[in-house]
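Residue-level listing of the chains:
There are 2 protein chains.
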Amino acid sequence: MKISQKYQLTQPLTLKRLGVNQATTRTRWNHRESLLGYAKHDIKHIGLWRDKVLELEVKDTKTLLNNHGMKVTCLNRIGPVFSSDGEADATFLEDAKRGIDEAVALDAESLMYFPGTSLPNNKNLDFARQLAKDYLDKALELARSANVKIVIEPLHPMIAGDRSCLNTIAQCNDICDGLGGGLGIVVDVYHVWWDPMLKAEIFRAGAARLAGFHINDWLVPTTDLFSGRGMMGDGVIELRKIRGWMEQAGYRGSVEIEIFSELWWQKNPDDVIKLAIDRALQFA
Amino acid sequence: MKISQKYQLTQPLTLKRLGVNQATTRTRWNHRESLLGYAKHDIKHIGLWRDKVLELEVKDTKTLLNNHGMKVTCLNRIGPVFSSDGEADATFLEDAKRGIDEAVALDAESLMYFPGTSLPNNKNLDFARQLAKDYLDKALELARSANVKIVIEPLHPMIAGDRSCLNTIAQCNDICDGLGGGLGIVVDVYHVWWDPMLKAEIFRAGAARLAGFHINDWLVPTTDLFSGRGMMGDGVIELRKIRGWMEQAGYRGSVEIEIFSELWWQKNPDDVIKLAIDRALQFA
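Protein sequence lines, in the order shown, are assigned to chains A and B. Numbers given in this note's numbering equal positions in the first sequence, counted from 1, plus 1. Numbers given in this note's numbering equal positions in the second sequence, counted from 1, plus 1.
Hints are computed from structural coordinates only; laboratory data are not their basis. We put the beta carbon where it would ideally sit given N, CA and C, even for glycine. Treat the hints loosely; a few may be bogus.
[Said to hold, decoys possible] Partial list, computed: chain A residues near chain B (C-beta under 7 Å):
| hint | residue |
| --- | --- |
| 1 | His32 |
| 2 | Met159 |
| 3 | Ile160 |
| 4 | Ala161 |
| 5 | Gln172 |
| 6 | Pro197 |
| 7 | Leu199 |
| 8 | Val237 |
| 9 | Arg241 |
| 10 | Gly245 |
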């Protein structure tokens with residue numbers, strides 16, 4: 002196995018390319034604390050969540066970011082589209098408009114569309130996927146006129162039963178083919194590392210669509226389907242190999258730490274970020 | 002949504018097409034008890050496991066089966082190919098020969114190839130998949146000369162980290178394309194129900210490759226990645242829709258109940274089989 006040959010084009014990761022997604026510290030840091038915490042570690046690319054952003058005036062968040070030379074990668078999120086009865090939520094588009102306005106005010110690189118799914122209340126996955134696509138089309142129309150890029154993200158098949166009906170990168174590429182410009186794909190290793198089509202579909206997405214790269218790890222054993230992610234290096238994901246594919250496909254954006262984990266959420270967030278940076282530079 | 006139109010070609014399921022996989026009652030019934038238990042419920046198609054089969058002489062199992070007009074669907078299994086260091090296990094081919102002999106003696110429709118994976122000991126998924134294919138090729142050569150059909154089965158991506166490197170039906174179809182005849186695919190709804198390519202890949206497999214159809218259900222929430230399967234009707238899988246695709250693609254084999262579940266393993270197996278038959282006829 003000449004694995005090294007596969008990696009030779011992959012430049013070492015540097016701190017200036019690293020990002021942190023606010024979900025990583027969501028339990029113990031409020032919005033302001035998190036921005037100051039990331040700034041302390043010289044992190045320049047921040048993935049924000051709208052529920053956190055709402056803790057301050059948007060302009061105050063922007064000032065905080067500017068003061069530390071920080072940029073917003075992706076603003077999470079508009080959606081879910083489905084209400085609790087498994088049908089379309091009538092309030093989705095109004096909320097999408099607010100999300101687009103916030104993305105503009107924060108100068109975010111992108112705005113995440115999170116469709117959710119009709120399951121388990123409406124057990125028709127084809128219906129869920131069609132409706133998810135239809136409402137993405139509507140949101141895109143609004144976003145294009147505001148010059149905001151919408152991104153979608155395949156989520157792991159194990160949460161297709163209750164969290165998201167977008168489950169593979171091929172499916173997201175198909176949706177992008179169908180809906181045209183203004184749309185990108187975020188690749189989170191946790192959701193896609195197992196996919197035999199991963200390399201091919203990253204290349205299919207290419208520089209034009211690849212709009213985010215999230216890192217963490219898949220633990221063996223995994224005991225929680227939602228918040229059981231691992232710290233980079235503690236699991237089985239070949240982070241550097243996948244980053245290599247992203248870069249060979251033309252991706253030049255940030256490498257964003259995003260760890261949903263009951264374990265790490267309990268620990269001192271400052272320690273977690275320090276360790277995550279070390280691990281990212283070592284393993285990704 | 003005119004869902005009914007999609008189902009109109011799907012004939013109601015009948016008891017004579019139903020099968021039971023021995024894993025469903027593995028905790029509380031030994032081999033002989035399980036065969037007599039399934040016979041009592043008029044089940045004619047039985048998925049056997051080699052560790053259970055070893056409890057009796059193979060010829061005694063065959064006599065038991067014959068006495069009740071029962072046929073073996075699939076004999077589980079040869080593999081895993083990987084030893085605990087993540088490399089190929091030197092004993093695999095010897096064991097495969099024994100498995101082939103047992104499949105012949107039991108007149109089984111097929112013999113399952115279970116590659117396992119090199120992870121987490123050897124974190125190179127491409128290596129694991131290549132080695133899994135190479136050893137399938139070797140096992141196929143042995144099986145063809147004994148006129149035994151080998152089957153492969155995509156297992157859910159959530160167990161790609163430790164249990165199997167075959168994770169989608171597309172991947173299994175690609176392997177079949179590469180290795181030629183004598184090879185079939187078992188479709189277990191639990192592992193594939195979420196796949197946006199499921200219908201297309203079932204049709205791609207077609208009558209020649211489709212060699213088994215397993216039913217159970219995906220629970221929301223799912224709390225155990227290995228033995229947390231649900232009873233048909235308790236989860237979110239559209240069993241009848243998927244069975245319709247199988248049959249439209251030409252599959253005419255049995256519909257096999259296979260429930261890996263700590264919950265159901267604790268209950269009276271006779272009650273579980275009775276309920277599972279009722280649920281299968283109602284929902285699948």
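**Study point:** Structure versus earlier hints - violations, ascending order
**Key:** Hints 1, 3, 7, 9, 10 contradicted; others consistent.
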